[in-house]
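Combine the two chains into a complex, taking the hints into account.
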Amino acid sequence: MRFALDDQPVDFVDGDSVAVAVVRSGQHPQHGGALCLTGDCGNCSADVDGVPFTRTCLTPARPGLRVRRHPAVGGPPLQLDPPKNPVQSPVHAGVEVHRRHVDVAVIGAGDSGTAEAARLRAAGREVLVLDSGDGDDVVGVYPGPLVVVRTPEHMLHVHAHEVVIATGAAEVHPVCEGNMLRGIVLAGAADLLRSKGVDLGTTVTVDIAELSRFEGTDGRVTGVVFSDGRSEACDTAIVTSRTKAPRDLLARMVSDPNVRVVGPAAQRFDLPPAPVDGFVCPCSKITVGDLQMVWDKGFQHLELVKRAALCGTGTCQGGVCMPHLRSFVSDKQGVEAAPFTGRPASRQLTIAEAAADVFLDPFRRSALHDEHLKLGAQMDRFGGWWRPWNYGDAMREYWAVREGVSLGDVSTLGKMIVTGPDVVEALERLYPTTIADIRPGRSRYVLLLNERGHLIDDGMVCRESDDRFVLTFTSGGAAFAEAWVRDWIDTWGLDVRIMDRTISHGAINVTGPLAGALLQRVGVAEPPKFLQHRHATVAGIDCHIMRLSFTGEASFELHHPVAHSVELWQALMKAGRDMNITPHGLQALFALRLEKGHVIVGMDTELDSTPRRLNMDWAVKMDKPDFIGRTALARTADLPDRRRLFGFTMDGPAPTEGAPIYVGERIVGHVASTFTSPILGKAVMLGWQKHEPWADTVTIDGRPATVAHTPFYDPEGARARA
Amino acid sequence: MHAPERLDGLRVVATPDALDHAWFEGDVIVFRIAHDEVIAFGAVVAEVPDEHAIVERETAFVGWGLSYAEFDELIARHVEWPLPVERPALAQGLAAGLPVKLWFDHDGVLLVVSSGFAHEVVDRFRLPAFAETVTKQVTRQVRA
Numbered sequence: 000m001r002f003a004l005d006d007q008p009v010d011f012v013d014g015d016s017v018a019v020a021v022v023r024s025g026q027h028p029q030h031g032g033a034l035c036l037t038g039d040c041g042n043c044s045a046d047v048d049g050v051p052f053t054r055t056c057l058t059p060a061r062p063g064l065r066v067r068r069h070p071a072v073g074g075p076p077l078q079l080d081p082p083k084n085p086v087q088s089p090v091h092a093g094v095e096v097h098r099r100h101v102d103v104a105v106i107g108a109g110d111s112g113t114a115e116a117a118r119l120r121a122a123g124r125e126v127l128v129l130d131s132g133d134g135d136d137v138v139g140v141y142p143g144p145l146v147v148v149r150t151p152e153h154m155l156h157v158h159a160h161e162v163v164i165a166t167g168a169a170e171v172h173p174v175c176e177g178n179m180l181r182g183i184v185l186a187g188a189a190d191l192l193r194s195k196g197v198d199l200g201t202t203v204t205v206d207i208a209e210l211s212r213f214e215g216t217d218g219r220v221t222g223v224v225f226s227d228g229r230s231e232a233c234d235t236a237i238v239t240s241r242t243k244a245p246r247d248l249l250a251r252m253v254s255d256p257n258v259r260v261v262g263p264a265a266q267r268f269d270l271p272p273a274p275v276d277g278f279v280c281p282c283s284k285i286t287v288g289d290l291q292m293v294w295d296k297g298f299q300h301l302e303l304v305k306r307a308a309l310c311g312t313g314t315c316q317g318g319v320c321m322p323h324l325r326s327f328v329s330d331k332q333g334v335e336a337a338p339f340t341g342r343p344a345s346r347q348l349t350i351a352e353a354a355a356d357v358f359l360d361p362f363r364r365s366a367l368h369d370e371h372l373k374l375g376a377q378m379d380r381f382g383g384w385w386r387p388w389n390y391g392d393a394m395r396e397y398w399a400v401r402e403g404v405s406l407g408d409v410s411t412l413g414k415m416i417v418t419g420p421d422v423v424e425a426l427e428r429l430y431p432t433t434i435a436d437i438r439p440g441r442s443r444y445v446l447l448l449n450e451r452g453h454l455i456d457d458g459m460v461c462r463e464s465d466d467r468f469v470l471t472f473t474s475g476g477a478a479f480a481e482a483w484v485r486d487w488i489d490t491w492g493l494d495v496r497i498m499d500r501t502i503s504h505g506a507i508n509v510t511g512p513l514a515g516a517l518l519q520r521v522g523v524a525e526p527p528k529f530l531q532h533r534h535a536t537v538a539g540i541d542c543h544i545m546r547l548s549f550t551g552e553a554s555f556e557l558h559h560p561v562a563h564s565v566e567l568w569q570a571l572m573k574a575g576r577d578m579n580i581t582p583h584g585l586q587a588l589f590a591l592r593l594e595k596g597h598v599i600v601g602m603d604t605e606l607d608s609t610p611r612r613l614n615m616d617w618a619v620k621m622d623k624p625d626f627i628g629r630t631a632l633a634r635t636a637d638l639p640d641r642r643r644l645f646g647f648t649m650d651g652p653a654p655t656e657g658a659p660i661y662v663g664e665r666i667v668g669h670v671a672s673t674f675t676s677p678i679l680g681k682a683v684m685l686g687w688q689k690h691e692p693w694a695d696t697v698t699i700d701g702r703p704a705t706v707a708h709t710p711f712y713d714p715e716g717a718r719a720r721a
Numbered sequence: 000m001h002a003p004e005r006l007d008g009l010r011v012v013a014t015p016d017a018l019d020h021a022w023f024e025g026d027v028i029v030f031r032i033a034h035d036e037v038i039a040f041g042a043v044v045a046e047v048p049d050e051h052a053i054v055e056r057e058t059a060f061v062g063w064g065l066s067y068a069e070f071d072e073l074i075a076r077h078v079e080w081p082l083p084v085e086r087p088a089l090a091q092g093l094a095a096g097l098p099v100k101l102w103f104d105h106d107g108v109l110l111v112v113s114s115g116f117a118h119e120v121v122d123r124f125r126l127p128a129f130a131e132t133v134t135k136q137v138t139r140q141v142r143a
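Residue numbers (numbering that gives the first Met the number 0), protein chains in the order written: chain A, 0 to 721; chain B, 0 to 143.
Hints were generated in silico from the structure; no laboratory data involved. What you are looking at is a predicted structure, and each value in this text was computed from that prediction instead of being measured. Check before you lean on any hint, since a few could be wrong.
Chain B regions said to be covered by chain A (calculated; three or more residues, Cβ under 8 Å) [claimed, not checked]:
#: 1; stretch: 54 to 66
#: 2; stretch: 69 to 78
#: 3; stretch: 94 to 107
#: 4; stretch: 117 to 129
A virtual CB, placed ideally from N, CA and C, is assigned to each residue, including glycine.
Bound-form chain B, shown alone (with noise of 0.2 Å):
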């Protein structure tokens, strides 16, 4: 199991079918997080055909890579709802009374949340903390 990453990218809103037609640079995972919405972790430019699109930079997740034997074990007991079953796919809710993202591939699964929330997801589904040491920006480039 691997120490949460900080988990930098873009953050793009523009209409739905811009978004459909949206070009991201770099090796990025793309969360479609709303009809309207993506987080595009690992991207550093973006071409999306929407003249009044939102395009910021995003630097307020971390993310867990766990196994699959790890999610089973620490995490699916509290996912109320059912697990994709499709690889890639991405699932978002409630898991432990905490708003998380879920990125199902072939290897394994990345847990996502919120900075602010890090210190709950150690707690609640006892997974390693960032390590002290850890100040500066580490972007992880993330295989779709």
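If we strip away everything but chain A, and leave its shape as in the complex, we get (with noise of 0.2 Å):
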């Protein structure tokens, strides 16, 4: 039977690993380095059918099997095959995870841990135990407890109420002059060796405690060196030590009360010597020159010394150069260094494997997306929702709301609604704004601050009778809010009800001159007035009818359930035809709602955008006993403030979004929202200036631009009330 090495046939029996055969041959898995053959060092490492840093001496040997080395200097090349779709959640990666809830898993069954297993199973506890030579290859563990493993077939997680490693002890490598040549083993891969029949030639063995170097030519070792002077030739250089190396890098990946180490792995064993020549690091080629290289630079600490000189960043992730690196630090500051903290994953994973069951996250469709596509909508992802940007014409749709009449799906919208004995109280203290005085019927626009007077969402307050309302936030704040709400609302221990209706409700704008009249055609004989709200059936359809206005139009938000969202958006569509109505997208929305001047937070807002800041101080009734915010916005409001959003108006085309404000050569702030509006015939803008005094003309893009009182579009907002 036979594999094949760099494209050479090797022949191995049955039993052997691709290590052992590869030994067998006369051949290193590598370049050169001691084998350990127990998976603990890198050293045998190579290209397995495609997956490179595969540990040949784990691997059983197979016909047909495709091994290559990795270069002698630097890593394999990698193997990326770009995704066909970039922004598609990989959810058909080739790695499956499969999952079990166990009792105890056990990580090892050397005699520590086939022992602890035997206790816990007679105490009757329920044990998993996981084993690399059942080829369940344990790469991390973390809180939970969770144990990832790599099995043949897949990825497995273990959910286990305690973990007990219980991993053993390494053999500990050598590291001295020559230490890289082809031809030494540890003792343990000299047994199994011998044990598979293959044929060491002339040995010499040697305690690491003895060994002075290792000699060679052509990379081959021809004989040792020991401390005491005397050489011995040979063909193979078999390593012992009488201390060892605690496999404890999974224990020190975790901390965490149900995760125990026990047997050898949790043993405290004595440091090798102190290296003073050679690679301490082999993954890495780090050379005992290398650490002191960077102890010289200052990098004193073990942490540090690995950081500086990625002693243990490799492969084996320590498993070679743990003891030495610890016994040269150790040497350097007369007290023995800890080892370095363990990290995920402690052994090489394939993208495929890292990436098994991880899926983006999950964006909403409307109930209308279908409407979208056939509408020619160009979907984009916008708070959580796929939403239209536009139609295939953003001018058209501009249009059709300042002239005519326009449909826009705002379903996306966080919907709310309150109500009980101290829903007046808990909404006073949301907000800033007076909420006791909104008669039922009639609705306000609220901003929501955080304990710190910073604009977090803004919204509508909709009143529907002495204690239910009816609250609206942003689409991208909506699950915030919600939790926001809540989470006071249990604080202070009111007794209010709140359910969420934000995904239950569809809602569509239906906005333009000419809304009010597509309304009284699919039923509604008067449409409630301006920030009146009111419940009626349109189109057959029970809606709760609310009339604001984002786009400076008269526009009626019909909320409903979403059962009946597409129902209600064809019966409108069609109701229209004759008017000539369009939907409209994000992208016109935008626009529209810049010449009104209006801000959409996290898009026009900071993090710390105050209502000073926003020029909407006249959202905010100080005069009320208590809100969230108001103690900071009180001791605040006589600071001075150089942060202002302004309106800015400029000839010629608007400038990209984000650009940068000049006054003079100093940049004073930024550009937040931009649009070209055809029906100013300019270029209207809102944006920061962050330096006073603030000026009245600046320099956008090379341009004048002047200071402007917003609204920009019909300032009176006559349009809006008609």
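What follows is the structure, encoded as structure tokens:
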């Protein structure tokens, strides 16, 4: 039976690992370095069937395997196939994840693991034993505890009440001149090779404590020089050591009271003599000289030496170098250095293994998604939803709103019903606006502030009765706002019922000068007046109609059970056909609202935008006894504040959003939103000035721009109220 | 395996004690999704002893009926949390990154998600999608 090593055939016998077969053929799986053949070092790792850094000592030899040695210098080439669709979730990765929930997971089936498993089973515990010899390669232990295992078939996630790490202890590798020659094996590897019938030729056995250096020619060991000066010729050098290194990498990954270490893995062993020459870290080819260099540069702590020299960051994650690195640092410091922190993964994983069962955050589709596609919408992701960006012609959509009638899918808005004896008190505390004086059937625009007085969301408060309100929030802020409202009301201990309706209610915005006329056609004889709302049947569907305006024109949001969104949308489109009704996407909406100077939270605002900075003090009633953020606003009211959001206009096309704003040569802020307004014949912008004195004339995109009052369009709001 | 069905019912928010004593007309299955909130699929009328209770029609969910064999093959390996062993039982959490509700009864499993994620369920679990022709309301009466 044969497999291919660098495209040359290698014979093997039943039971051989790839590494054993390679050594039997007189070769080395890499280009040199001592072999342990227990998976502790990386000196036998190679590319196996296209997977680099595979430990060939743990890989059973099979006919047809294709093994390639890594380059002697540098790593194996990356093999990256670009994703066919980079925005698509990697939902069909080639590697599956299987999961098990167990009482106890014991890692390691050696003496200590077997004994511990037996003891636990005798105590009535359910035990799962994981051992690399059985193909269960534990690559990480996480808080939980969670054990991540690579098996030949799939990844396995083991959720255990308790994890016992019983991984034993490893032989110590030699670090001295010549330690990267071929023909050096540890004692355990020598035993294994002999048991497999591999001819090691003339051997010399040397203990690490008595080892001075290896001699060799053409990259292969020819002799051993002992510390007492004598030397012996050999074909194979066998290295023993009286001390060992605990295999505690997994234990060093996690701090969890339900993870414990037993047996030699938990044992303290003497360190080997401090290394004076040779490769300390064969994986990253780090020499003792490299360690000395970073030490001399001031990296005088084991964790710093590791990071500066990259010693311990390679294939074996410290399996070889840890005792020598600790000995090096301990010798310098005069005290025993602790091992460095371990981090998953302990073994090299393929991207597919690492990404198995990992999914991108999902984006919701509104119930009208297919309707948008039928109308040619370009969909994009905003605020956790797929939304129409445009329907092919944003300017046509813009003019439909300004001069005719248009539909917008605002199903994504956050929506919430609140009731209860304390509901007014709760809303008074949540919002900086007065709530108690909102009459049933009326609504009010509100800001949502955090404790520092910074704007975190905005929306509408619609009062339905004395103790029932409907709240709306921004699409992207809805989930956070819901948690915010629930947390605060719970904290205050107020008697309020809260029902989130964001996914349950669709919402269609009917907007434009002909919006009222369209609603009359579908059964709403008297559409509500500006900032009023009421329940009505629209095209046979129960709707909650909210009259407001984000576009600057008359706007009616029709909130309805989401199951009827398509029916309602189609009825409205049909009724408005002779009005040349045209749906609008976000691209047009952003432009329309900008002409009105309406801010979009998160687009025009910053994380620490206060109402004052946004010129929205009018939405804050400081004469209220209390609301979230009031203390901060009161404290900072008289402090100087250089930041302010301004409206700007300029001739010519609008600059790019984010463009810097100059006063002379100095950048004083940036543009948050821009639009070349066809109805105003100039570019309109919202932008920040962050240096005083605030200028009336600035330079943007190399052109003069002037501070202007907002709204830019219909400042009296006559069209929205029409 | 069945194509998904829209699950209509009532959503109720009330005091926990009121929900403990709520009554729903019809052949319903009640998901107690929070201490103060239930979704009663199949319900058209509810009596809840809380004068401030919010009772609203709920049409935002879709469900796939799965046999246990189908559930084990397609869904279970994406669920990180322990599944309930009692029957019937409701479990809710993330599966394959999606917020799902799982109703385990003696005959099989009902996988419930908000309709906005139905396309992701189809993609991530390889479940059947809605037929193009399904546009009318389909009310599923589920036995508790």
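Going through the hints against the structure:
no.: 1; hint: 54 to 66; in the structure: holds (count 5)
no.: 2; hint: 69 to 78; in the structure: holds (count 4)
no.: 3; hint: 94 to 107; in the structure: holds (count 3)
no.: 4; hint: 117 to 129; in the structure: holds (count 5)
Checked against the numbered hints given earlier, this structure breaks none of them.
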